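J.: Chains as they are written, first to last, in this note's numbering: chain B, 1 to 419; chain L, 420 to 605.
To be clear, the hints were calculated from the coordinates, so they are not data collected in a lab. Don't take every hint at face value.
Computed, partial: chain B to chain L, Cβ under 7 Å [stated by the list, open to error]:
| # | residue |
| --- | --- |
| 1 | Leu156 |
| 2 | Ala249 |
| 3 | Asn283 |
| 4 | Leu287 |
Straight-line Cα separation of at most 25 Å, PhoX-like style, residue types lysine-lysine; simulated pairs [stated by the list, open to error]:
| # | chain 1 | residue 1 | chain 2 | residue 2 |
| --- | --- | --- | --- | --- |
| 5 | B | Lys291 | L | Lys471 |
| 6 | B | Lys138 | L | Lys586 |
| 7 | B | Lys291 | L | Lys483 |
| 8 | B | Lys138 | B | Lys262 |
| 9 | B | Lys138 | B | Lys274 |
| 10 | B | Lys362 | B | Lys138 |
| 11 | L | Lys536 | B | Lys362 |
| 12 | L | Lys536 | L | Lys578 |
| 13 | B | Lys262 | L | Lys536 |
| 14 | B | Lys274 | B | Lys291 |
Please read these numbers as outputs of a predicted model, since none were measured by experiment. We treat Cβ as the ideally placed atom computed from N, Cα and C, and that holds for glycine.
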Amino acid sequence: MSSVRSVTTVIIGAGHAGLAMSRCLAERSIDHVLLERGEVANSWRTERWDSLRLLTPNWQSRLPGFGYEGNDPDGFRNMAETIDFLGRYAEIISAPVQTHTTVTSVRRTDTGYTVATDQGEWQCRTVVLAAGACNIAKVPAVAEGVPAGISMITPLQYRNVDQLNRGGVLVVGAAATGAQLAQEIQLSGRPVTLSVGEHVRVPRVYRGRDIKWWMDRAGVMDERYDEVDDINRARRVASLQLTGSDERATLDLNSLTDIGVKLVGRIAGMNDGKAQISGSLRNMCALADLKMGRLLDTIDEWATETGLDGEVDPVERFAPTNVEASPPLGLDLTTGEIRTILWATGFRPDLSWLDVPVLDRKGQIRHDGGVVVDAPGMYLMGMQFLRRRKSSLIDGAGDDARDLSDHLVGYLAGAKVTA
Amino acid sequence: MSSSESSVDNGVNVEALLGAREALSEAPAAAQFTWRATNEWKNGTHSHSEVKGFFGLGEEQQHKSTFTYDVDHPEIFASEDLGATPVEVVLVGLASCLTAGVAAIAQHRDIQLNSVKATLEGSMDIAGILGIDADVRNGFGGITVHYDIDADATLDEIKALVAQSQKRSAVYDIVTNPTNVTVEVN
């Protein structure tokens with residue numbers, strides 16, 4: 001398997017983003033291959049905790065030429081169902097996937113790119129990076145100062161509570177991952193302290209409809225990267241505090257406080273085995289409450305404009321986040337109360353195989369809506385707010401793939417003219 | 420909310436600030452600033468501070484004039500009360516920083532400010548600084564800031580200005596998060 005093969009486009013990664021792109025390229029008669037380190041939907045198979053369910057309702061995972069066909073459109077897929085869904089999509093679109101093929105480098109050539117793998121090399125004119133946005137768990141530098149007796153774990157390693165010591169757990173980060181795992185761990189009888197920085201609070205159900213339904217219908221998810229006020233900030237925003245459950249229950253700091261989770265501010269430093277905690281918790285919660293209010297205002301205005309007020313439940317507003325009067329400014333990690341720290345502090349892509357100088361000084365790919373700025377013929381998929389607010393969702397892959405495959409076809413046509 | 424951007428004037432040049440942000444994200448070295456103050460003991464608890472030069476945008480910079488601050492303690496501390504206490508100066512710094520942020524963000528969000536007034540309180544158990552009780556910290560037990568803002572905006576829009584100002588404030592960060600302090604002698 002050391003032969004060099006040629007193809008017009010190599011797609012790296014056969015998850016939802018790569019598969020959507022495959023379908024769009026097939027429609028445009030562009031010959032291509034998907035290189036996948038494991039099986040289709042590999043990250044969903046191997047890098048998710050057991051209880052995880054999608055945050056988006058079943059109806060919302062729409063891919064080009066494929067969608068939900070079951071009888072529970074408002075339910076939330078578990079991982080087995082998600083893997084099955086993407087596997088069936090790969091079959092239906094006859095995606096040309098080379099499984100168990102790990103990319104080891106991507107290099108520029110005179111005519112395009114060489115993609116080296118552990119199964120030989122591919123020459124291509126265009127390459128689509130669809131290997132995922134969450135390959136590596138980000139852990140802040142303060143972790144280095146954590147006392148030796150404390151176990152540390154990331155969401156990529158976490159499967160279920162049986163991996164954790166009995167005793168207290170400090171969950172750092174209150175986006176979807178941190179909030180969900182704080183709930184699961186607290187309910188297992190391990191007292192959880194949750195360190196909260198900037199976060200995004202939303203109700204699961206608003207006026208009788210799923211929040212995702214409102215955001216989808218009101219056009220919030222379709223907002224484009226070149227229309228928002230500050231795209232760099234929009235790309236850094238934490239994931240919505242949401243969980244997918246049969247009860248369609250809201251997961252927020254108040255629901256966590258109700259089951260006994262203790263809230264503290266962001267971890268600002270680590271000194272002598274003591275975590276130093278920021279005094280900004282109150283403002284972090286005020287920002288999230290106000291931001292939620294603005295989202296609900298947008299939804300209410302849209303509901304009135306479109307004449308939906310009679311069909312849905314009345315306008316609701318939710319109690320502000322409860323924060324104790326003087327939250328602690330330090331946590332002594334040497335007392336034995338906290339046995340484990342779970343760093344739910346975000347993820348980043350693994351681009352270690354990318355030998356093309358396209359990264360900015362923060363290690364992120366410079367791109368214009370997925371068109372890689374410094375590498376003609378290179379495209380990026382699946383990143384937060386790549387082209388639209390929904391870009392990182394399964395549901396966002398389709399529109400991005402349509403746009404970027406159109407661009408790719410134009411690039412190939414232009415390249416032919418100048419060649 | 421005002422209907423047109425040109426009608427809102429809080430005296431903040433937002434275009435210049437946004438331009439600076441864009442320029443500095445391209446040239447991160449120019450964003451490295453050093454702020455300075457000098458301080459000289461006068462008598463008792465009275466000292467005199469001056470602020471004149473700072474470093475930024477790759478070179479030495481000067482304020483338009485030298486600003487001076489006389490700081491002391493009140494007579495109930497057996498001092499001469501020739502100026503505010505240092506901890507009150509910290510409150511002044513926090514308030515000035517937050518208020519400047521409120522004005523800049525209001526301008527950016529097209530909100531006309533009519534008046535902005537802040538009242539600050541820092542609570543302190545002086546058993547800490549007097550060495551009476553080792554369990555009491557020297558610094559504030561807590562700080563409260565109360566803003567009275569009259570602006571052409573809804574209450575939630577005004578609250579969002581103040582929240583965003585805290586998020587972007589240097590002094591708020593200095594007060595709420597630890598900072599390494601290195602003190603050398605001679």
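J.: All hints, please: hold or fail.
T.: To see whether the hints hold, each was checked on the structure:
Checking Leu156 of chain B against chain L: minimum C-beta separation of about 28 Å lies over 7 Å; hint violated. Interface restraint check: Ala249 of chain B against chain L, minimum CB-CB distance 26 Å, threshold 7 Å, status violated. Interface restraint check: Asn283 of chain B against chain L, minimum CB-CB distance 4 Å, threshold 7 Å, status holds. At a threshold of 7 Å, the smallest CB-CB gap from Leu287 of chain B to chain L is about 5 Å, leaving the interface hint in force.
At roughly 40 Å between alpha-carbon atoms, Lys291 of chain B and Lys471 of chain L are farther apart than 25 Å, so this suggested pair is violated. For the proposed pair Lys138 of chain B and Lys586 of chain L, the alpha carbon gap of about 22 Å is at most 25 Å, so the pair holds. Only pairs whose Cα atoms come within 25 Å are accepted, and Lys291 of chain B paired with Lys483 of chain L is rejected, the gap being roughly 40 Å. A threshold of 25 Å between alpha carbons decides the hint, and for Lys138 of chain B with Lys262 of chain B the separation of about 23 Å falls inside it, so the pair holds.
A distance of roughly 21 Å separates the Cα atoms of Lys138 of chain B and Lys274 of chain B; the hinted pair therefore holds under the 25 Å criterion. With a CA separation close to 13 Å, the supplied pair Lys362 of chain B and Lys138 of chain B stays within the 25 Å bound. For the suggested pair Lys536 of chain L and Lys362 of chain B, the alpha carbons sit about 39 Å apart, so the restraint of at most 25 Å is broken. For the given pair, Lys536 of chain L sits about 14 Å from Lys578 of chain L by alpha-carbon distance, which is consistent with the 25 Å threshold.
A hinted pair counts as satisfied when its Cα atoms are at most 25 Å apart, and Lys262 of chain B with Lys536 of chain L does not qualify at roughly 34 Å. Between the alpha carbons of Lys274 of chain B and Lys291 of chain B the distance comes to roughly 32 Å, so the proposed pair goes past 25 Å and is violated.
Going through the hint list in order, the structure does not satisfy hints 1, 2, 5, 7, 11, 13 and 14.
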